[in-house]
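Q: Each chain, letter by letter, is given below.
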Amino acid sequence: MALDSSATPTAVPAVAEPPGLGELFVEFAKMSLSGFGGVLVFARRAIVERHRWMTAEEFNETFALCHFMPGPNIVNLSMVFGARFRGVPGAFAAFTGLIGPPVVVMTILAALYVHFGELGALRRALGGVACVAVGLLFAVSFKMLVPLLRRRDPVAVLLLAAVFVAVGLLRWPMPWVLAVAIPGSILVTWLRRRSA
Amino acid sequence: MDGGTTSLGSLALRFAMMSLFAIGGANAAIPEIHRIVVTSQHWLTELQFADAFAIAQLSPGPNVMIVTMIGYQVAGVVGALVATLAMCGPTAVLALCVSRLLGRSSRSPWPALIQSALVPLSIGLMTASGWILASTTDRTTAAFLVTASAAVLAATTRLNPLWLLLAGGILGFAGIV
Numbered sequence: 001m002a003l004d005s006s007a008t009p010t011a012v013p014a015v016a017e018p019p020g021l022g023e024l025f026v027e028f029a030k031m032s033l034s035g036f037g038g039v040l041v042f043a044r045r046a047i048v049e050r051h052r053w054m055t056a057e058e059f060n061e062t063f064a065l066c067h068f069m070p071g072p073n074i075v076n077l078s079m080v081f082g083a084r085f086r087g088v089p090g091a092f093a094a095f096t097g098l099i100g101p102p103v104v105v106m107t108i109l110a111a112l113y114v115h116f117g118e119l120g121a122l123r124r125a126l127g128g129v130a131c132v133a134v135g136l137l138f139a140v141s142f143k144m145l146v147p148l149l150r151r152r153d154p155v156a157v158l159l160l161a162a163v164f165v166a167v168g169l170l171r172w173p174m175p176w177v178l179a180v181a182i183p184g185s186i187l188v189t190w191l192r193r194r195s196a
Numbered sequence: 001m002d003g004g005t006t007s008l009g010s011l012a013l014r015f016a017m018m019s020l021f022a023i024g025g026a027n028a029a030i031p032e033i034h035r036i037v038v039t040s041q042h043w044l045t046e047l048q049f050a051d052a053f054a055i056a057q058l059s060p061g062p063n064v065m066i067v068t069m070i071g072y073q074v075a076g077v078v079g080a081l082v083a084t085l086a087m088c089g090p091t092a093v094l095a096l097c098v099s100r101l102l103g104r105s106s107r108s109p110w111p112a113l114i115q116s117a118l119v120p121l122s123i124g125l126m127t128a129s130g131w132i133l134a135s136t137t138d139r140t141t142a143a144f145l146v147t148a149s150a151a152v153l154a155a156t157t158r159l160n161p162l163w164l165l166l167a168g169g170i171l172g173f174a175g176i177v
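Which chain is which? The protein sequence lines are A and B, in order.
If you use this note's numbering, the first sequence closes out at 196, no skipped numbers anywhere.
If you use this note's numbering, the second sequence closes out at 177, no skipped numbers anywhere.
Hints were generated in silico from the structure; no laboratory data involved.
Treat the hints with care, as some may be off.
Just so you have them, the derived chain B footprint on chain A, three or more residues with Cβ under 8 Å [unchecked claim]:
1) 44–55
2) 183–196
Derived, one-sided and incomplete: chain A residues facing chain B with beta-carbon distance under 7 Å [to be verified]:
3) V39
4) F85
5) G127
6) V129
7) V163
All C-beta atoms in this analysis are idealised placements derived from N, C-alpha and C, irrespective of residue type, glycine included.
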């Protein structure tokens with residue numbers, strides 16, 4: 001686990017040869033399989049630091065787009081990234097690299113779960129894992145919340161709390177909640193930027 | 001699991017719809033996935049859903065892989081494939097089209113503006129996901145303490161989450177949780 005993050009990747013231009021189709025597949029498979037609890041960190045490390053296929057800014061720009069588009073954002077990233085270097089075939093090479101291997105792993109685990117899920121020992125162990133997994137989810141939310149609190153952004157915190165109450169506590173269907181919350185939040189953000 | 005009558009078409013359609021709600025990450029869509037899969041369609045029980053989430057976190061790959069686990073329990077190997085492709089494919093193709101449309105040199109302020117508008121919603125949804133799952137997993141004081149310690153450790157240290165998950169498994173196996 002050599003972490004050569006001392007070299008600032010921003011200063012180094014992405015001069016490397018663009019990856020081929022096979023390389024796209026293999027690299028995204030590697031990122032995917034090393035990504036426990038999120039692949040983004042590994043994607044950034046491989047694309048920006050190890051292979052220098054993109055500068056940090058290019059990566060951030062590409063990821064911002066994938067982040068604001070609906071859908072699992074790392075999956076979006078694989079398609080957009082693959083296409084940038086090798087067109088549509090590249091998009092599918094990266095996509096299948098990212099999705100293929102974990103699908104195989106998950107399918108095997110699902111089959112095992114369906115057969116052995118009732119075993120007492122496995123039940124207990126999974127219960128413990130689930131408790132931790134939920135804790136990790138809260139930790140991610142908290143880490144994302146810190147910048148909002150630092151900026152003292154009461155509108156954002158209010159929106160966040162409203163969405164949590166509506167979806168988490170009241171269990172309102174997300175489509176209805178978001179049909180109000182998304183336009184509302186965009187409008188508020190736009191108004192504040194304009195007046196800023 | 002009352003998934004016997006579920007057609008693959010409706011499975012695909014439902015997961016494609018759910019993918020639209022993955023705002024800032026697959027975990028933001030969990031309340032909607034839970035509502036469809038557990039509350040409305042009864043494909044999985046609360047416990048099976050929490051297990052699917054735990055296994056998805058424990059195995060490598062993007063967080064979205066929870067849908068592979070669900071798809072398998074609804075319709076076997078084909079169900080796993082259909083659910084995964086429906087959840088990942090359409091939105092990824094959409095992102096591809098939009099990225100080509102905007103082009104590289106686009107200086108439009110809208111993507112950045114929309115992204116920052118979505119951040120608080122994304123956090124609210126992920127917290128709701130945690131809450132919904134915790135109402136199944138954290139029924140005892142011990143379980144609550146494990147969740148709380150994992151949250152604190154993950155938020156304050158750079159410990160690999162895999163170790164925390166394994167520690168949880170061991171505590172559970174030992175009958176402590």
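Q: Hint by hint, say whether it matches the structure.
A: Hints, one by one, checked against the model:
1. 44–55: Check failed, 0 qualifying residues.
2. 183–196: holds (count 6)
3. V39: holds (5 Å)
4. F85: Result: violated, 12 Å to nearest chain B Cβ.
5. G127: holds (5 Å)
6. V129: holds (4 Å)
7. V163: Since chain B brings a Cβ to about 3 Å from A/V163, closer than 7 Å, the hint holds.
Against the hints set out earlier in the document, violations occur for numbers 1, 4.
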